[in-house]
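Trainee: Sequence:
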Amino acid sequence: MSLAATTLALASCLVSEPALTPETPAAERIRAEPARPHPVVVLVALDGVRWQEVFLGVDPALSRRFRLPANEVVSAEELMPNLHRIIDDEGAALGAPGAGAPMVASGPNFVSLPGYLELFRGRRHSPCTKNDCLPTEDLTLVDEVAQRAGGWATEVSVIASWAGISKAAARHPERLVVSTGRHGGPTRHFLRYDTTAARLLDAGARSSAYPGHGDYRPDRYTSAIALRYLETQTPRFLFVGLGDSDAYAHHGLYRDYLTGLRNADATIGEIDRVLSELRARGYPATLLVTADHGRGKRFAGHGAVAPESARVWLVASGSGITARREVAAPKLRRLADVAPTIRSLMRLPPAEPAVDQGEVLSELFGQR
Numbered sequence: 001m002s003l004a005a006t007t008l009a010l011a012s013c014l015v016s017e018p019a020l021t022p023e024t025p026a027a028e029r030i031r032a033e034p035a036r037p038h039p040v041v042v043l044v045a046l047d048g049v050r051w052q053e054v055f056l057g058v059d060p061a062l063s064r065r066f067r068l069p070a071n072e073v074v075s076a077e078e079l080m081p082n083l084h085r086i087i088d089d090e091g092a093a094l095g096a097p098g099a100g101a102p103m104v105a106s107g108p109n110f111v112s113l114p115g116y117l118e119l120f121r122g123r124r125h126s127p128c129t130k131n132d133c134l135p136t137e138d139l140t141l142v143d144e145v146a147q148r149a150g151g152w153a154t155e156v157s158v159i160a161s162w163a164g165i166s167k168a169a170a171r172h173p174e175r176l177v178v179s180t181g182r183h184g185g186p187t188r189h190f191l192r193y194d195t196t197a198a199r200l201l202d203a204g205a206r207s208s209a210y211p212g213h214g215d216y217r218p219d220r221y222t223s224a225i226a227l228r229y230l231e232t233q234t235p236r237f238l239f240v241g242l243g244d245s246d247a248y249a250h251h252g253l254y255r256d257y258l259t260g261l262r263n264a265d266a267t268i269g270e271i272d273r274v275l276s277e278l279r280a281r282g283y284p285a286t287l288l289v290t291a292d293h294g295r296g297k298r299f300a301g302h303g304a305v306a307p308e309s310a311r312v313w314l315v316a317s318g319s320g321i322t323a324r325r326e327v328a329a330p331k332l333r334r335l336a337d338v339a340p341t342i343r344s345l346m347r348l349p350p351a352e353p354a355v356d357q358g359e360v361l362s363e364l365f366g367q368r
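Sequential numbering from 1 applies to the sequence shown in my numbering.
Please keep in mind that the hints were generated in silico from the structure rather than gathered at the bench. Just so you know, these numbers come straight off a predicted model, no measurement behind them. Treat the hints with care, as some may be off.
Unchecked claim - DSSO-like, lysine-lysine: derived pairs with alpha carbons at most 27 Å apart:
| id | residue 1 | residue 2 |
| --- | --- | --- |
| 1 | K167 | K130 |
| 2 | K297 | K331 |
| 3 | K167 | K331 |
Construct the entire structure; sequences and hints are all you get.
Mentor: Below is the structure:
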C-alpha cells in the first residue's frame, strides 16, 4: 500500500467514534458543536516544496539526473490532482510562472523557522535567520484567534511534522492545541479527546523520525491526527505543517520528494472534502496552502546561498475566495501577506501597524 493510501486508510477509519461529551472533565474535553456556525480556516504548509512541481509537474532535468523512468515524468495535474482540481474548479493560485508578480519568503535566509515566523507574524523582518532561534516573543495571528475563541483554546490548533514550528506559531502555545513533532507541544494532551485520537497521537510518538531526524514525526501520522481533529472538532483555525518532501529533498531523493508531494496532495484532498461538508452545514470554511521556502537550483538545498529558494506560492479556496485559477498578483507578494489575509477572512481587526507589516491579498477576493 502506498504512503498516500496508508494515510487515507488511517484517516477514513477514524470517523465513527463520537467526541467526548460536555460532562467530561475539562482537562480531557473538547467543546461541543456551537449553536451558530463560525468561520473555519485551515492553513496547510508544505515545507520546502518548489513552485516548479506545483505548477509545471515533474522536472525533466531532475528526472534525468535522478534517472526516473519516462512514465514518472508527469504533469502538475497528474502529480497533484487534488490541488489542481481546487485551483481549476473552486479556488485560485498565486505565484504561478507567467502570472503576475511572484510570491516570496522575505529572508534573507530562506530556511524554515524564519519562513514560519513571517507566515504567523504577518511581518517581513525578524531577528531570526536560522532554525535554532528561541521561541517567538511576538503575538501572532494564532495568538489572536485563540484569544478571540471565547475561552475555548481547543478551537485553535497547530499540528505539524516538524517540532520547530511550535517556536513560530504562537507566543502563548499553552492557550491552543499544539502537537509538533513526535513529542512536542505543551498542550498535545488535548488531542486525547477520544480513544482513536489518543491512539493516533501515540502511534506518531512511537514512529521513526525518518525521513526527518530528531523529534520529527512523519507526515502520515500528522495528516491522520489533523484530519481526525478537523472532522470531529470543527476548530476555528487549524494549521497543518507537512515536511516529508523537504526532508527527502535534503537526502537528495527526488523520487521520494515527489512521493511526499503526492501524499500531501492526498491530505489536501481530504481536508478540502471536510471543508466542503462544513460549508454544506453552514460554516464559512476556507483552505489556504503554501510553502515556507522553495529550493535551490541543485534541488537538495536552500537558504541565503540560493536566492532562488525565496520563491513560494499559495493556493486558496472556499468561503470568501472569489478569484479563480492562476491569479496575476499586481506586485511582489510575500509570506507576510498570508496572516492579514486570514484576518480578513475571519473578520478580525487589522494587526497593530508596523513598517514591515504584510498586506491583504486582495486579488483573491475580487468583488466582496
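Trainee: Next pair to validate is K167 with K331; report whether the Cα-Cα distance is within 27 Å.
Mentor: violated (30 Å)
Trainee: For K167 and K130, compute the direct alpha-carbon distance and say whether it is at most 27 Å.
Mentor: Distance ~12 Å between K167 and K130 Cα, so the pair holds.
Trainee: Please verify whether K297 and K331 have alpha carbons no more than 27 Å apart.
Mentor: holds (24 Å)
Figure legend: structure checked against the earlier numbered hints; the only hint not met is number 3.
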